[in-house]
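J.: Chains A and B are the protein sequences, given in the same order. Following our numbering, the numbering of the first sequence begins with 1 at its first residue and continues without gaps. Following our numbering, the numbering of the second sequence begins with 1001 at its first residue and continues without gaps.
Read the hints as simulated data drawn from the structure, not as lab findings. Among these hints, one or two may not hold up.
Said to hold, decoys possible - Pairs of lysine-lysine, BS3-like flavour, derived with a Cα cap of 27 Å:
1) B:LYS1279 x B:LYS1148
2) A:LYS245 x A:LYS11
3) B:LYS1470 x B:LYS1007
4) B:LYS1007 x B:LYS1026
5) B:LYS1113 x B:LYS1138
6) A:LYS272 x B:LYS1280
7) B:LYS1113 x B:LYS1148
8) B:LYS1280 x A:LYS334
9) A:LYS334 x B:LYS1026
10) B:LYS1280 x B:LYS1470
11) A:LYS272 x B:LYS1113
12) A:LYS245 x A:LYS7
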Amino acid sequence: MRDQIDKYAAKLVADRSACPEAIAFAAQDDVLIASGAPELAPLAGRVLLRLSSLALLVARPSLPFAEFLLARAATGESCIVPQDTETRTFLHDIPFLRKEDLPEDPAPEIARLLGNRKGVIVEGVGIVAVGAITVEQAYINYSSVFHSTFVKYLQDLLSGGFLLPGEREAFQAFRSRWLRPLLASGLSFRDHLSQDREEILSEVEAVGRYTVERGLVDSFFGNISARAGGLIYISQTAASLDELKGCIDPVPTDNSSTTGITASSELLAHRKIFEASGARVILHGHPKFAVVMSMLCETRDCPIKDCWKDCPQVRHLGGTPVVAGEIGAGGLAKRVPPVIGATGSAIVYGHGVFAIGMDGFGEAFAAMVDVENFCREEYFRRLDALC
Amino acid sequence: MHGWTGKILYVDLSNGSCRREEIPTKLLHAYLGGRGLGVRLMRDYFRLDPFDPQMPLIFAVGPLCGTASPTSARLACVSRSPLTGTIYDCSAGGRFPWRLKAAGLDVVFITGKSPEPVLLAIDGEGAELVPAAGLWGKGTRETVALLKQRGSVTAIGPAGENGVLFANIMMGEGNSIGRGGLGAVMGSKGLKAVTVDGSAVTRIADGERFDAARADVMRLFRASPVIFGELGISEYGTPALVDLMAQRRMAPTENFSSTFFADSGNYSGPSIRRECGAKKDGCYGCPIQCKKSSAQGEPLPEYETVNHFGALNGISDLHAIVRANTLCNELGMDTISAAATLSAFGEARGRFPEASEVPGLLCDMAYRRGEGELLSLGSRRATQRLGKPALSMSVKSLELPAYDPRGAYGMALAYVTSNRGGCHLRAYPISHEILRKPVPTDRFSFSGKARIIKIAEDVNAAVDSLIACKFAFFGATLEEYGELVSAVTGVEYTPESLKAIGERIYLTERFYNCENGFGAADDLLPERFFSEPGSPGEGIEVAPIDRARFDEELQKYYRIRGLTPEGTFADRKFLEGQP
Chain A
1 MRDQIDKYAA KLVADRSACP EAIAFAAQDD VLIASGAPEL APLAGRVLLR LSSLALLVAR
61 PSLPFAEFLL ARAATGESCI VPQDTETRTF LHDIPFLRKE DLPEDPAPEI ARLLGNRKGV
121 IVEGVGIVAV GAITVEQAYI NYSSVFHSTF VKYLQDLLSG GFLLPGEREA FQAFRSRWLR
181 PLLASGLSFR DHLSQDREEI LSEVEAVGRY TVERGLVDSF FGNISARAGG LIYISQTAAS
241 LDELKGCIDP VPTDNSSTTG ITASSELLAH RKIFEASGAR VILHGHPKFA VVMSMLCETR
301 DCPIKDCWKD CPQVRHLGGT PVVAGEIGAG GLAKRVPPVI GATGSAIVYG HGVFAIGMDG
361 FGEAFAAMVD VENFCREEYF RRLDALC
Chain B
1001 MHGWTGKILY VDLSNGSCRR EEIPTKLLHA YLGGRGLGVR LMRDYFRLDP FDPQMPLIFA
1061 VGPLCGTASP TSARLACVSR SPLTGTIYDC SAGGRFPWRL KAAGLDVVFI TGKSPEPVLL
1121 AIDGEGAELV PAAGLWGKGT RETVALLKQR GSVTAIGPAG ENGVLFANIM MGEGNSIGRG
1181 GLGAVMGSKG LKAVTVDGSA VTRIADGERF DAARADVMRL FRASPVIFGE LGISEYGTPA
1241 LVDLMAQRRM APTENFSSTF FADSGNYSGP SIRRECGAKK DGCYGCPIQC KKSSAQGEPL
1301 PEYETVNHFG ALNGISDLHA IVRANTLCNE LGMDTISAAA TLSAFGEARG RFPEASEVPG
1361 LLCDMAYRRG EGELLSLGSR RATQRLGKPA LSMSVKSLEL PAYDPRGAYG MALAYVTSNR
1421 GGCHLRAYPI SHEILRKPVP TDRFSFSGKA RIIKIAEDVN AAVDSLIACK FAFFGATLEE
1481 YGELVSAVTG VEYTPESLKA IGERIYLTER FYNCENGFGA ADDLLPERFF SEPGSPGEGI
1541 EVAPIDRARF DEELQKYYRI RGLTPEGTFA DRKFLEGQP
């Protein structure tokens, strides 16, 4: 398991979600391993010993947003309730522990909270996430908490502005130093994807890596597909987009085989998008500013409360349609296909972006980058106007 | 009381008595229901021979049964298996569990032996034993039809009456209490059927919390490609796995001598849909509806059944496989063990059965006549008597299902650590090794598998006690089901506390087995898997399992479980520390 710990510690550094000097993992088979930052590794081990799980990750996020959310929370509150789709579906809520409530050894209390949730925020420590059966799962859950707190904090700023001492300065540092220009250039795409299986697999693998490297995902999730003849080549469910070799399912379009039962949960959406748009390729990611902006609705006194699944409107962000719809067999597969053909991209409320290419992935990737850049600019325009 | 009814019905077939009693609340809280409660109630009986008249046959529902909790209309049937000699439970769904709960019962606890065939008729608060000599000898379909007016029915067929060691108890809707031969235990008691009706409503402690938790579960079902994906089990049933297992080169073929069957496409999910007009069917109130039935309403075979009557016996005729499945259901006989025993028998005699021979052989098994007398004992005993014991592809005498262990090392380990013998459902590592849920693991690696199997066994023991269907956990987790059971009962449960309950159940079962003589010497895979490769293809090599690495992981597993290197308990007073 040490190789797994090294692998996912490196990923946390590569995706810049954690401070490199403040990452610790614990994992247990018949013995317990705890490694990483000396001030965090013992805590990771003590927490994991109290859980019937295989792995645990403690890390200080590279951004202070989780702690800001905790500090902004009203007295008496004990958890953050994210609104984006991924976290609504899988995390439900994120409990937190304030520094003033931490006992001398916080391990039992952290373990108690992790006994019921996948991740917890501990003030002064960071994000603690558990992996029930793999080290990778701990990484995923950490990343999900990082993603959801990022999204929620940016949402909250738009409604409440800066409230805490040092908050504005920290946010300015995020904006000027942590954020990097998002570009589609410098990457190599095939202009016209052929029907050749090996070429398609190679291209899908490469585009998966690009999508992760450019930060268009949370952890490494999203999905990618290419249509060729009677097959849809699509990334498997729970696949790391940056490690797609051997994780791409060829699915017959006529459903004559069920080998693709391991395909992405968005297989139906991909199929319908192909049918509606005539596209060759589809790219789906979870870029953060698009997720934030998709949930910004200015309709007042709307009777719909569960907007993420029930909103029937097609709104627009910079010309890109925004629709509601739950993932998998939820409404997403019905609402995206009718709108994506006209613009080449679509945003799903609180979830992410679908982009298509008629010939190859270059077009789809550029479209997703354009959507995210528009949302980023629009976000800051609104925030600057507010604060 | 919320969730539970708190009532147990004791039935003594020897003296004809039926009486209701209270179940101690602390047992309900500590063991939940279903498998856990049934296993706990076996504490004073587990040493008895399975056919001893005093051996209990227990039907237990869980606190979620009777509510709209997804996949919870299930019960566990618990006793000691005559096939394996282990403690035994089987989870089964249908309308019967729902009606049992509606009759105000959590448990029916049956002991004794009736001098004449009887049926147990439960109707609301009432229960009586009714002479059933006229039903003895009848198939399950006719039995169910004749008793329909009494409510939901569970019954044995000729196999159970005749003591076939892998006889099932069949639910009226076609679901089976299968694998371990509890139908033979029921038959040995002279009990042909149990009927149940009732109208009581299960009380929920916090309706609003329940609705929110249920919505969370359903959202996760919709997000799961295995459950509600267009190629998933809701659409195609478990035969959706046929194509996948073929592609992964781990479909047991010709008594596990190879792992790929070129004609498996004949009985894939899409083929069954096309050839049999398969339509959605399933357990009462279940949103998944993974069972499939023909246009005429006949239950169609599951993945295990199509593979074992197909590839395992070298048969490619879908309609022959469907007929074999129907016949097993009618005779009340487990399809996996029946087909695997035929396959072992086939290899032993140098010829696998022709499709046309299968119906005759199945009938001979059920009625224990001719070669069927030998086959009715299951593959281990049959091959032993034929002088070829290595040809039984079983663990603790339970025939292995349709996942070749050379293609999934967690599955290899889980087959031997299962407390009921070679079963895929105790730890269900296929979920992560093949179906990538909740996250994928490397199927050709033992790394971490001892801990993973231990955790999964605990989780599934809790799931079997709530009770929910394991397929629900291709999407949901104990986080959501913990919320459901807390909302229903008003007692707070978390994933971690449920896993602790699961661990208690697992260890209790293991302790019973160890007290009955089981140990590391029984935690064995057949030699074939360590010495012969599977079938290569599509860039996949299926090597024999490395025995040293397997043994090392098994020892890790024992250490994680707190067992001795012999797989036993250092503390002989283990049970005294349990509620």
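J.: Look at each hint and say if it fits the structure.
T.: Each hint tested on the structure:
no., hint, in the structure
1, B:LYS1279 x B:LYS1148, "holds, 23 Å"
2, A:LYS245 x A:LYS11, "holds, 18 Å"
3, B:LYS1470 x B:LYS1007, "holds, 26 Å"
4, B:LYS1007 x B:LYS1026, "holds, 13 Å"
5, B:LYS1113 x B:LYS1138, "holds, 20 Å"
6, A:LYS272 x B:LYS1280, "holds, 23 Å"
7, B:LYS1113 x B:LYS1148, "holds, 24 Å"
8, B:LYS1280 x A:LYS334, "holds, 22 Å"
9, A:LYS334 x B:LYS1026, "violated, 49 Å"
10, B:LYS1280 x B:LYS1470, "holds, 18 Å"
11, A:LYS272 x B:LYS1113, "violated, 60 Å"
12, A:LYS245 x A:LYS7, "holds, 17 Å"
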